[in-house]
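Colleague: Here is how the chains run, residue by residue.
Number of protein chains: 2
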Amino acid sequence: MKDSIPNFFNPKTVAIFGSMKEGKTGYEIVRNMLEGGFKGGIYPISQTNGKILGLKTFSDFKNLSIDLAIIAIPGSFIPVLLEDLGKQNVSSVVIISAGFSEVGNLKEEEELLTIARKYQIRIIGPNCAGIMNTSNNLFASIEVRALPGNTAFITQSGALGGAVLMMAEELGFGFSKFVSYGNRCDVDEADLIDYLRDDSETRVIAIYIEALAEGKKFLSKIKTTVSKKPIIAIKAGKFKAGKRATSSHTGSLAGEDRIYEAAFRQFGILRVEDIEEMFDLCRGLEYYPRINGKRIAIITNAGGPAVMTTDKLEELGLEVPEPSGSLIKTLKGLLPPNVSLKNPFDLLAYGSADTFTQVGETIAPEYDALIIIFVPTASMDSVKIAQAVGEIKKKINKPIFTSFMAGRLVKKGIEELKKYGIPNYSTGERCARVIQKIVWHTLKNNPK
Amino acid sequence: MKDSIPNFFNPKTVAIFGSMKEGKTGYEIVRNMLEGGFKGGIYPISQTNGKILGLKTFSDFKNLSIDLAIIAIPGSFIPVLLEDLGKQNVSSVVIISAGFSEVGNLKEEEELLTIARKYQIRIIGPNCAGIMNTSNNLFASIEVRALPGNTAFITQSGALGGAVLMMAEELGFGFSKFVSYGNRCDVDEADLIDYLRDDSETRVIAIYIEALAEGKKFLSKIKTTVSKKPIIAIKAGKFKAGKRATSSHTGSLAGEDRIYEAAFRQFGILRVEDIEEMFDLCRGLEYYPRINGKRIAIITNAGGPAVMTTDKLEELGLEVPEPSGSLIKTLKGLLPPNVSLKNPFDLLAYGSADTFTQVGETIAPEYDALIIIFVPTASMDSVKIAQAVGEIKKKINKPIFTSFMAGRLVKKGIEELKKYGIPNYSTGERCARVIQKIVWHTLKNNPK
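If you read the protein sequences in the order shown, they are chains S and B.
Under the working numbering, think of the first position of the first sequence as 684, with each following residue one higher.
Under the working numbering, think of the first position of the second sequence as 684, with each following residue one higher.
Incorrect hints may appear among the rest.
In this list, chains with the same sequence are indistinguishable; a pair is considered to hold if it fits within one copy or across any two.
Taking lysine-lysine and the PhoX-like style, the derived pairs with C-alpha atoms no more than 25 Å apart in a straight line are [said to hold, decoys possible]:
(1) Lys-1067 x Lys-704
(2) Lys-707 x Lys-1067
(3) Lys-790 x Lys-1025
Because the hints were derived from the structure by calculation, they are not lab data.
Extracted from the complex, chain S is given alone in its bound form:
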């Protein structure tokens, strides 16, 4: 099953089953699909013919050609509907409706799967928040519409998915695909990763899991994926009460955390602690899929933040090595006398755009990545420094991370950095954490 779930993300026609009253799930999905600009057929299925949001509704769907069905009707009606869809050869079904294994209704969920198998239907859900594909404006979900991007996010928890989408919107961070897969009675994280491995719009895969459906299947899919694109995982349910919480809300027991941790390490999955670290790492990996070694240089006009970043880099097992004798010699010729010729390279008040560029270009050959920490005074122009950093990036073939600190004085500078494809973080410590993970990923999954 190389490509087991194709029609979920590229349907020509989507039928939505659910209440078409304003504010109800069915209606809100139709609205999201319309407002999102889906170009294919959108078929709201309603008991009475009529119109919603300018769209024709259908009470009879027997003559419709349906590539993807989104179901948000009460659970007890779903088996009959599934049978009907199966007879029409609909093969991709997303069940939003809740009330299955997550509240103890195991038999009811089993029944869905039995019908699906009979008709070769693939199901995402039940008890999920839907799916999105930003490249064709498919927003089959009631959640905030994702911006386009290159990270696919798949999540067991629908609520967490909603929170991630809203945070992403605020950050201006986009996704290629979004999948909330809920109780995963059929399609699971392994199937989704298998699909995303060959999805050309996805460069990074991020996943939230509480417990895996089938550990072996998951790991076998991981094996063939991590060398092609990085996989980031948030694994929740580590501790006693955490596990209890997991088991109460998805109806499954979390496995032993140490086993997961070991498997993740062995198979090259990047584990992160929380959503904020996930975003930080996704942004880093989208720009820089690899960092070839541990030697990091810091260039700054701000001593304190550079010290803290140096601490963090060393704590994480990275190196902040001194420049070589010949490099020191070259720098001496370039720089004002008081500038520090050590790593971190503290330019002090001499931290003009030109000095940043000169130092950056000069030291780059001796390091694997650069962190540039810039704290402007009220009279400094952060855009100029951003452009200088951008010029360094064009000339050297090494990853550059920045921390322009902070607030309104650097807002425009950070926007400028984006144009050059340079990820900015609120602190140098955050840069350090991202770099450590990318270095690990590179050495583990794609050594030279």
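Since chain S is already given, all that's left is putting chain B on it; use the hints.
Modeller: Just chain B now, with coordinates in the frame of chain S:
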């Protein structure tokens, strides 16, 4: 010396020595003082009489009564100026100018101190970013003006101070006092803490240090302060290269980190990892100076985020205990059948304002603090939930922390929470980290 540095923060008159050309330090400080609305006398000292920014400048300051002198002239001219100020009985001097011990000019710095001792002048600096007191609009600094608040922030690194002020502005977080003390040739962190202990506008003291001037003096001041108000410290220069970085930029060697760590623990100082954690903790402590125990309850409508928060709480040594049998009984009578009667209390789709209030008020007696994690769907009103949480707070005498997730859908809700004095964090994990530190602080410094 109970109150050794009174005139720094409550001067009636301030003289500024420095270039009065637009964009230069002297001019920018005068502008900050004026725009900030300082009500006392502002005396720009300039070689030629005239006006800047509508203010009279003075070439001769011999007849002026000066409570506080701010110096930003080239270092070589400062000794003569200090002598003149000493003869006029000026006792409080802030030296912004750099070029002293931080670049190896130890003798020049020693000379400043010798003159200061001779005339009983107290010096903050040199090589610092100035001081602020928001209660009387004293902004003797070129940095962004702090908003008023109840945290005093003192920092060895001026650049870090600038970054902190800009981040704070963006967060809407205010300070009572801000002090960048630079090379601390005279006034050090111990003197400042001694002063801030009895400052009625300061409820929390936060400090950034790379190395202490005098460990014993510092710890003796801490001892008498921590039971009155919490002290939060960022201690940088932990590791080898971090230390090298420290020594290069302040001219002092960082002490062994483990000794600091042990002393901080023993003396009840709250150590944080970075600026972001510092802000999180300051906000928590301003609202809740104490949390009496480790039993934490989570109420949520979002399973995934609650699981992650539970994990973090347990990882940090806190407890997420089940409700008692009698509490379960009471809850059963109140709630719809599918709602989880475990901790975390997952209200699922039943998470209406009323349900949050009912559950919060009912369970509060069995727990030491509550975390409320709320993830709205697009149609939910976060303000209503915020008001419900506010009502819980009015009725129970326990700290409540919230994580309303995320972005524009909860923006108004978070503003509403502020009105009730409830601190909101971007994730439940952040709530957990803050709670853990406040619990530790309470048990260590102010047990019942």
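Colleague: Of the hints given before, which are not true for this structure?
Modeller: none
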